[in-house]
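Asks: Each chain, written out:
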Amino acid sequence: MIERYEIRFSGSGGQGMILAGIIMAEAASIYGTKNAAQSQSYGPESRGGASRAEVIIADAGIDIDYPKATSIDCMLALTQTACTSYYSDIKKDGILLIDEDEVTDIPEGDFKVVKYPILRAAREEIGKSIVGNIISLGMITELTGIVTREEIEQAVLSRVPKPFLELNKSALALGFEKAAELKKAL
Amino acid sequence: MAAKKKLMQGNEACAAGALYAGCKFYAGYPITPSTEVAEIMSVELPKIGGKFIQMEDEIASMAATIGGSLAGLKSLTATSGPGFSLKQEALGYACITEVPCVIINVMRGGPSTGYPTGPSQSDIMQAKWGTHGDHPVIALTPAYVQEILDETVRAFNLSEKYRTPVIVLFDEIVGHMREPITIPEPGDLEVVDREKPDCTPEEYKPYDDTKLIAPLAPFGDGYRFHVTGLNHSEDGFPTNNSEMIDKNNRRIMQKIDDNIDDICKNDESNLEDAEIGLFAVGSTSRSAKFSVNAAREKGIKAGLLRPLTIWPFPDKAVSELAEKCKVIIVPELNLGQMVNEVKRVAAGRCEVIGIHRVDGEPIKPAQITELIEKYS
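As you go down the protein sequences, you meet chains D and R in turn.
The number in my numbering is simply the position in the first sequence, starting from 1, with 416 added.
The number in my numbering is simply the position in the second sequence, starting from 1, with 112 added.
Don't read these hints as lab results, they were simulated from the structure.
Ideal Cβ placement from N, Cα and C applies to all residues, glycine included.
Check each hint, because a few of them may be wrong.
Claimed, not checked - Label pairs and their in silico Cβ distance ranges: (1) 151/R with 589/D: 32 to 42 Å; (2) 224/R with 578/D: 24 to 34 Å; (3) 380/R with 478/D: 14 to 24 Å; (4) 485/R with 509/D: 24 to 34 Å; (5) 387/R with 509/D: 35 to 45 Å; (6) 581/D with 297/R: 24 to 34 Å; (7) 297/R with 478/D: 21 to 31 Å; (8) 516/D with 377/R: 49 to 59 Å; (9) 508/D with 245/R: 23 to 33 Å; (10) 505/D with 340/R: 53 to 63 Å; (11) 561/D with 308/R: 51 to 61 Å; (12) 543/D with 411/R: 53 to 63 Å; (13) 151/R with 509/D: 51 to 61 Å; (14) 387/R with 545/D: 53 to 63 Å.
Turn these sequences into a full structure, and let the hints guide you.
Replies: Right, dumping it as structure tokens:
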């Protein structure tokens, strides 16, 4: 039974961290059968500045009272600043997923670190740096198993304008594939 | 039939609640963290024959909201701290002219422009005393996304029923967070419409003092009457008659005082045998509930009183809490507002301790748990 599963998405404003949080919460609670609460923290700027979104997931019927992270199961960091500022809440044996080009000073702790050049892959393999958050969602789904591939895919596709469906599908698929490889080394 | 479940943001749920209640007019000036309410109303109102207007500032927005309601439409405005300050004068005008309307205040850090994207609960006292003069106040404090929808509907109902403005106070955290909620079908929730006069326009008295709440005629239906912020007589025209002034000033307060049980609403958890009481609203009450559950797991008898109506103040429920508990802990995102009301009601019967935070961060469960454990 899942009483409380915490995910934090962190990066800088404009990288789609809040959208990633919304999609994860929808995958769990609308396309899946769980309960979820998504919250965010951001500065007055619309771009730049630290940005983070948090999703708390629990089994259906379990209330999520405190909506912010307390002890994180999985955290994504797309910038060094976000990583340094926010990693300390990761729980023992939790997962820290980092963009390995951006985060070079990797924090040490009782958690597992998964490294992948997420933003570079978005640019070079998919052709749009903007899908970094979708690759990340694919990776987190594969690494944690908290939602199924089908649930996250339905949630992503319902949020994306039609001309970009295939682009996002490929980004998600790339995330699943890379995380499946990296998971073996954990 | 399967209920329609949707992941919704608090502010979205607020707009959905207003539309469900039959709101047909919105006048506002956008301000973080309440802007989504205006955005959604601007898209949805024209689709149902309603009107949305962005005014030049918050003062004009409040005035237009009152005007919309006098024309017979359920009216809404939404704002945050700095805008709420500007709306105060017209809010008092709505109180004395007895115009139903709903004001949403998604609280952010203050004073002044403060911290737009950070949560706060520092307008609790302003909701009560922001406008001058003795005046009736109803203020609701939802804490969950579903509750924001439901309580926005209740705000319209109370406003229509008691012919008075109703304030809905929530904070940036619940305004911006998303949770799966069930959208009610028509008929699932009660919707109250104001009483209209059944007399002829010639016989109509907008402030008929033989009634606690006089029916309100919409402008445009042939009922012509005077509306003024000055103390007025039954026909709405200004008066110097001290007997009439006294009667009217007492009556507008009595509307609320005589109906406390209908207006007050609380959510209680684990209070039956509680020795340590918690009193909290909005996002802070969610931290408090988390801490109460954690305390119960350790065998500590903690319980939570969570008012959904903060004004009028839940004296009766707090008094019962003070009788049974050795301490009442009041976490709030300000430097001490509700805590003094709790102390007033507890009147020395138990200890009352506040937890206060004004750095733009929520009060974390750990902070509350620490104090609960100290008193256990």
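Asks: None of the hints should be skipped; say for each whether it holds.
Replies: Hint check:
no.: 1; hint: 151/R with 589/D: 32 to 42 Å; in the structure: holds (34 Å)
no.: 2; hint: 224/R with 578/D: 24 to 34 Å; in the structure: violated (45 Å)
no.: 3; hint: 380/R with 478/D: 14 to 24 Å; in the structure: holds (20 Å)
no.: 4; hint: 485/R with 509/D: 24 to 34 Å; in the structure: holds (27 Å)
no.: 5; hint: 387/R with 509/D: 35 to 45 Å; in the structure: holds (37 Å)
no.: 6; hint: 581/D with 297/R: 24 to 34 Å; in the structure: holds (32 Å)
no.: 7; hint: 297/R with 478/D: 21 to 31 Å; in the structure: holds (26 Å)
no.: 8; hint: 516/D with 377/R: 49 to 59 Å; in the structure: holds (52 Å)
no.: 9; hint: 508/D with 245/R: 23 to 33 Å; in the structure: violated (58 Å)
no.: 10; hint: 505/D with 340/R: 53 to 63 Å; in the structure: holds (57 Å)
no.: 11; hint: 561/D with 308/R: 51 to 61 Å; in the structure: holds (59 Å)
no.: 12; hint: 543/D with 411/R: 53 to 63 Å; in the structure: holds (58 Å)
no.: 13; hint: 151/R with 509/D: 51 to 61 Å; in the structure: violated (42 Å)
no.: 14; hint: 387/R with 545/D: 53 to 63 Å; in the structure: holds (57 Å)
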